[in-house]
Amino acid sequence: MSIIDEIAIHLQVGRKDVAKFLYAAPARYKVFSIAKRNGGMRTIAQPSAALKTIQRFLVDSRLRYFPVHEAAAAYVVGKGISDNANLHRKSRYVLKLDFHSFFNSLRPVDWRRVLENFDKEPIHRDDLYFYEKILFWGDGTFTPKMLSVGAPSSPILSNIIMYRFDEYMANASSKTGSIYTRYADDITISANSREICSAMEREAAVALKKLKYPSLKFNAEKRGLYGRGERRMVTGLVITPTSAISIGRERKRLISAMVHRASLGQLDAGQMNELKGLLGFAHAAEPQFLDSLRRKYGDELLTKIAKYQRPG
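Letter by letter, the sequence shown follows residues 964 to 1275 in this note's numbering.
Since the hints were derived computationally from the structure, they do not count as laboratory data. In this text the structure is predicted, and so the values were computed from the model without any measurement. It cannot be assumed that every hint is accurate.
[Said to hold, decoys possible] Here are the simulated lysine-lysine pairs, DSBU-like style, with alpha carbons at most 30 Å apart:
id: 1; residue 1: Lys1053; residue 2: Lys1215
id: 2; residue 1: Lys1083; residue 2: Lys1108
id: 3; residue 1: Lys1042; residue 2: Lys1270
id: 4; residue 1: Lys1059; residue 2: Lys979
id: 5; residue 1: Lys1053; residue 2: Lys1180
id: 6; residue 1: Lys979; residue 2: Lys1083
id: 7; residue 1: Lys983; residue 2: Lys993
id: 8; residue 1: Lys1185; residue 2: Lys1239
id: 9; residue 1: Lys1138; residue 2: Lys1175
id: 10; residue 1: Lys1108; residue 2: Lys1015
id: 11; residue 1: Lys1108; residue 2: Lys993
id: 12; residue 1: Lys1185; residue 2: Lys1042
id: 13; residue 1: Lys1042; residue 2: Lys1175
id: 14; residue 1: Lys1138; residue 2: Lys1042
id: 15; residue 1: Lys1059; residue 2: Lys999
id: 16; residue 1: Lys1015; residue 2: Lys1239
id: 17; residue 1: Lys1173; residue 2: Lys993
id: 18; residue 1: Lys1239; residue 2: Lys1259
id: 19; residue 1: Lys1185; residue 2: Lys1053
id: 20; residue 1: Lys999; residue 2: Lys1259
Please put together the full structure from these sequences, using the hints given.
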């Protein structure tokens, strides 16, 4: 049965209607920009509701059965930022690398290379055209061009596409005695010497060329190599000089101040929602800090914030 027939059955619509819809699928996105936390703007391409439904269907029925490398730390059930940071906390040096425009740099050609590496084709060749129409944004055209920030299928598909890179880097890491993980576009390599970290950085550049990821580029502005006397951060968490994981002093001060203001009823809906997110982050990364807030402000207030629902 073709993927068109499966989608038609799933949606309980006609086969011709599905085929007609998918022809224009790469253009069925609402595009807007949001401010990045560290400056600049991020382009979001949000699929239409109907296209999202089809993308989620492919995630559940097909994509979740593809292998994702154990070095991938994002978009994996049971893994979080603290798990990722914990792997690197005992190393003396931490190397940070970052891909520029990660999702938008992953193209249909990268997806085809994934499929070429299987002994038995996991997707029928006649269906590949429709998969690309469903999964890749056309940037204003009917031609699938890239993954979008906003599609529910992009996170898992990015991990699938990056499997070969993760495998190459994990193998190189085991040979050099270093640790490699990738959290979406954020690569962390740690070791007990600067030389090993530098060697692994060269391996990463070799891997992109050797494995033919034509559009992926490292963002030089976000590259950093840090030792124990410096601020070592992994996916937003701080590795302390004693090799503990912390959300950081500045974030703790911010959360404490906001909880105090919440106790006085001085936060508006947006600030309450922001604080709820910060408390969730702290709970996942450094729960003992949350315990100290409960002792100071009471369990009732912290529970109220955690369950807060923004009006409207």
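Each hint, compared with the structure:
This hinted pair checks out: Lys1053 and Lys1215 have alpha carbons roughly 23 Å apart, not beyond 30 Å. Straight-line distance between C-alpha atoms of Lys1083 and Lys1108 comes to about 26 Å, which keeps the hinted pair within the 30 Å bound. Straight-line distance between C-alpha atoms of Lys1042 and Lys1270 comes to about 23 Å, which keeps the hinted pair within the 30 Å bound. Under the criterion of a C-alpha separation no larger than 30 Å, the hint pairing Lys1059 with Lys979 is inconsistent with the structure, at around 49 Å.
For the proposed pair Lys1053 and Lys1180, the alpha carbon gap of about 29 Å is at most 30 Å, so the pair holds. Taking the CA atoms of Lys979 and Lys1083, the gap is near 29 Å; set against the 30 Å cutoff, the hint holds. Our distance criterion of 30 Å between C-alpha atoms is met by Lys983 and Lys993, whose separation comes to about 19 Å. Our distance criterion of 30 Å between C-alpha atoms is met by Lys1185 and Lys1239, whose separation comes to about 28 Å.
Restraint check for Lys1138 and Lys1175: the C-alpha separation of about 22 Å stays at or below 30 Å, so the hint holds. Restraint check: the Cα-Cα separation between Lys1108 and Lys1015 comes to about 17 Å, which is no more than 30 Å; the hinted pair holds. In summary, the hint linking Lys1108 to Lys993 is supported, as the alpha carbons are separated by about 16 Å, within the 30 Å threshold. Taking the CA atoms of Lys1185 and Lys1042, the gap is about 24 Å. The hint holds against a cut of 30 Å.
The straight-line distance between the Cα atoms of Lys1042 and Lys1175 is roughly 28 Å, inside the 30 Å bound, and the hint therefore holds. In summary, the hint linking Lys1138 to Lys1042 is supported, as the alpha carbons are separated by about 25 Å, within the 30 Å threshold. Using a Cα cut-off of 30 Å, the hinted pair Lys1059 and Lys999 holds, with the two alpha carbons roughly 19 Å apart. Restraint check for Lys1015 and Lys1239: satisfied, since their Cα atoms lie roughly 27 Å apart, inside the 30 Å limit.
Distance hint between Lys1173 and Lys993 is unfulfilled; the C-alpha atoms sit about 36 Å from each other, more than 30 Å. Restraint check for Lys1239 and Lys1259: the C-alpha separation of about 17 Å stays at or below 30 Å, so the hint holds. A distance of roughly 22 Å separates the Cα atoms of Lys1185 and Lys1053; the hinted pair therefore holds under the 30 Å criterion. Annotation: proposed proximity of Lys999 to Lys1259 is violated, straight-line Cα distance about 33 Å (limit 30 Å).
When the structure is compared with the earlier hints, violations turn up for hints 4, 17, 20 and for no others.
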